[in-house]
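Chains as they are written, first to last, in my numbering: chain A, 1 to 268; chain B, 269 to 590.
Check each hint, because a few of them may be wrong.
[Stated by the list, open to error] Derived, one-sided and incomplete: chain A residues facing chain B with beta-carbon distance under 8 Å:
id : residue
1  : 6
2  : 10
3  : 19
4  : 35
5  : 40
6  : 44
7  : 77
8  : 112
9  : 115
10 : 254
11 : 257
Note that these hints are calculated values from the structure, not bench results.
Computed from a predicted model, the values in this text were never measured in an experiment.
C-beta: ideal position from N, C-alpha, C; glycine also.
Listed below are the residues making up each chain.
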Amino acid sequence: MRLIINKIILILSTLAAILGLVFLFWILITLTIKGFASVNLYIFTHDLIDNGLRNLLIGQFILAFIAVLIGVPLGMIAGIYLQEYSFNNKFATFIRNLSDVMMSAPSIVIGTFVYAIMVNPIGHLNGWAGAIALGIMMLPIVVRTTDDMLGLVPKELREAGVAIGAPKYKVIFNIIIKAAKVGIMTGLLLAFARIIGETAPLLFTSGNSQYFTLNLNHEFPSLTVAIYNLATMPDKHLVDIAWAGAFVLTLFVLIINLLGRYIVKEKK
Amino acid sequence: MEFIFKKISSLSAAFILVLLTAVFIVLFLYAKPAIKKYGLHFIIDPRWDVSVPIKEKTPTKTNNIKSQKNKNNNIEVSDADVLAALGITNTNAKTETIYGGLVPLVGTILSTLIAMLFAVPIAMGIAIFLSEISPPLINKPVGIAIELLAAIPSIIYGMWGLFYFGPFISHIFGGSSVSLLVAGLVLGIMIIPFMASLTRDSMNTTPNILKESAYAMGATKFEVIKDIIFPYARKGIIGSIILALGRALGETMAVAFVIGGVFTFPKKITDPTVSIPVVLANNFAESSGMSLSALFYLALILFILSFIIIFSAKFYFLKNKN
Numbered sequence: 001m002r003l004i005i006n007k008i009i010l011i012l013s014t015l016a017a018i019l020g021l022v023f024l025f026w027i028l029i030t031l032t033i034k035g036f037a038s039v040n041l042y043i044f045t046h047d048l049i050d051n052g053l054r055n056l057l058i059g060q061f062i063l064a065f066i067a068v069l070i071g072v073p074l075g076m077i078a079g080i081y082l083q084e085y086s087f088n089n090k091f092a093t094f095i096r097n098l099s100d101v102m103m104s105a106p107s108i109v110i111g112t113f114v115y116a117i118m119v120n121p122i123g124h125l126n127g128w129a130g131a132i133a134l135g136i137m138m139l140p141i142v143v144r145t146t147d148d149m150l151g152l153v154p155k156e157l158r159e160a161g162v163a164i165g166a167p168k169y170k171v172i173f174n175i176i177i178k179a180a181k182v183g184i185m186t187g188l189l190l191a192f193a194r195i196i197g198e199t200a201p202l203l204f205t206s207g208n209s210q211y212f213t214l215n216l217n218h219e220f221p222s223l224t225v226a227i228y229n230l231a232t233m234p235d236k237h238l239v240d241i242a243w244a245g246a247f248v249l250t251l252f253v254l255i256i257n258l259l260g261r262y263i264v265k266e267k268k
Numbered sequence: 269m270e271f272i273f274k275k276i277s278s279l280s281a282a283f284i285l286v287l288l289t290a291v292f293i294v295l296f297l298y299a300k301p302a303i304k305k306y307g308l309h310f311i312i313d314p315r316w317d318v319s320v321p322i323k324e325k326t327p328t329k330t331n332n333i334k335s336q337k338n339k340n341n342n343i344e345v346s347d348a349d350v351l352a353a354l355g356i357t358n359t360n361a362k363t364e365t366i367y368g369g370l371v372p373l374v375g376t377i378l379s380t381l382i383a384m385l386f387a388v389p390i391a392m393g394i395a396i397f398l399s400e401i402s403p404p405l406i407n408k409p410v411g412i413a414i415e416l417l418a419a420i421p422s423i424i425y426g427m428w429g430l431f432y433f434g435p436f437i438s439h440i441f442g443g444s445s446v447s448l449l450v451a452g453l454v455l456g457i458m459i460i461p462f463m464a465s466l467t468r469d470s471m472n473t474t475p476n477i478l479k480e481s482a483y484a485m486g487a488t489k490f491e492v493i494k495d496i497i498f499p500y501a502r503k504g505i506i507g508s509i510i511l512a513l514g515r516a517l518g519e520t521m522a523v524a525f526v527i528g529g530v531f532t533f534p535k536k537i538t539d540p541t542v543s544i545p546v547v548l549a550n551n552f553a554e555s556s557g558m559s560l561s562a563l564f565y566l567a568l569i570l571f572i573l574s575f576i577i578i579f580s581a582k583f584y585f586l587k588n589k590n
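With the rest of the complex left out, here is chain A (with noise of 0.2 Å):
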């Protein structure tokens, strides 16, 4: 009897490691088999108005490049202070706390509160408020990840680092950071690839544009807000930019994450 209860329940782990991965082989053939059918040379060499992805391509990665700027140096730094200096006391466990529960907080809500404080007041929407509102969402994962990967550091090399008389952010910068600098730069990676697909944060921020722009101070060209719009419309043509754009945004995405694991890997 036990050996046939074990029996089934092995068939009933395994069939359900079947079933989770015919869904997830499900969407990322009919995204390769529709992404493939509309991707060309076209689309990269013009913008949404002329039914192009240039615009949206180049907007996107302007407003995650603008929400690495403000979140990677700020989170690092938080993340330096929970390591580093704060020893670990009861303000720097209860900031571990919170940046997680905002690692956790629903995009959309993230949207909302840059919505009230950067479009609301201005009084339409901002490539700047969009930028804002993905450096809030990668804030809590550079924090995460500067913190777990400082922890990493054997602690022989912060005590060498002292012995030989260096202040304390010399050897932080110079031996710490250094000794991390992997770990650190792969978890970036893997938030960029994060906030890249992020479209909640964006839908009433910076909106979208069918035209090229730089300028930030009005609505700006987003990928995945226009996939989000592309894919409900009834053109057909249409329909089949929004799956170029997706072909084109997951592979993104999932060559970065093969990129950081690749360099892990080396590392080891």
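Add chain B to chain A, keeping to what the hints say.
Okay, now just chain B, sitting in the frame of chain A:
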């Protein structure tokens, strides 16, 4: 220099606290008119954007003008002013527009519930398969595939749900291809990889010596999983389920495509409805005045819900460490 850097670093850590508090306060301030007007009744009122006759004595026009003069000392009248400014009551002062959050709240809870019922068994199965059953040759590629799938942006899941999964489900269960059921299942599929990889990680922390001792006593694989691994990794597993729950609750894009976005209670599981994030995503751009405030009220409710859920997960994880 050292002192400056130390200060800067502690300030940026404190910035997280400031930011989170600011989110809370700003949402509250913007939601305040709606909170004032509807109070807690908001969460049990199923009417959204419905015009109803005002029950209490409506202020006459002269009263209105008078009260506008007293605007600064009298906050009570500002609601009427807002409505008037919106043009809702300008022709007929006898009606007002009611906003209640019950439908999206129920939609959020039900879709999350369906997602969890669907995802938890499958994610557990995948975790068990990866950590105990699969040979190393399969283990690695499947494990990587699962982790990569957790990284796919949620909008992709939503789009796939709209064009392929929704029609598939409506073909089997009948009903519309955008419905509560489809939304719940798409959500479930989206959180499976996330939950499975976290659960596998915590199952892998079980010391081999414990498992080997049990096998030496003649335990079957299932008994080892049930009596050794699950109790050992219990907190981690529950924590990962709660984290996945929090993710499902606040998810916008995977749901926005497939839930339908209509403000009605689903009579059947295959009926379309709406959830809080989807209401926000669809209505935010066109809203102002009281409707905007009501949306902020919904956002605040969502924020508090997810806050509670994540904090309880943290509580579990913390207990685990001690």
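A quick look at each hint next to the structure:
1. Look at residue 6 of chain A: its Cβ gets to within about 4 Å of chain B, closer than 8 Å, so that hint holds up.
2. About 6 Å separates the beta-carbon of residue 10 of chain A from the nearest beta-carbon of chain B, less than 8 Å, and the hint is met.
3. Proximity of residue 19 of chain A to chain B holds as hinted, the smallest CB-CB distance being about 6 Å (cut-off 8 Å).
4. At about 10 Å, the closest approach between the beta carbon of residue 35 of chain A and any beta carbon in chain B exceeds 8 Å, and the interface hint on this residue is violated.
5. For residue 40 of chain A, the interface hint is violated, the least distance from its beta-carbon to any beta-carbon of chain B being 20 Å, above 8 Å.
6. The beta carbon of residue 44 of chain A comes no nearer than 20 Å to any beta carbon in chain B, farther than 8 Å, and the hint placing it at the interface is violated.
7. For the restraint placing residue 77 of chain A at the interface with chain B, the shortest Cβ-Cβ distance is roughly 4 Å, inside the 8 Å limit, so the hint holds.
8. Satisfaction of the interface hint for residue 112 of chain A is found here, the shortest Cβ-Cβ separation to chain B being roughly 4 Å, below the 8 Å cut-off.
9. Look at residue 115 of chain A: its Cβ gets to within about 7 Å of chain B, closer than 8 Å, so that hint holds up.
10. For residue 254 of chain A, the suggested interface contact is upheld, since its CB lies about 6 Å from the closest CB of chain B, less than 8 Å.
11. Because the closest C-beta pair between residue 257 of chain A and chain B is about 5 Å apart, less than 8 Å, the hint holds.
Hints 4, 5 and 6 from the list above are not met by this structure, while the remaining hints are.
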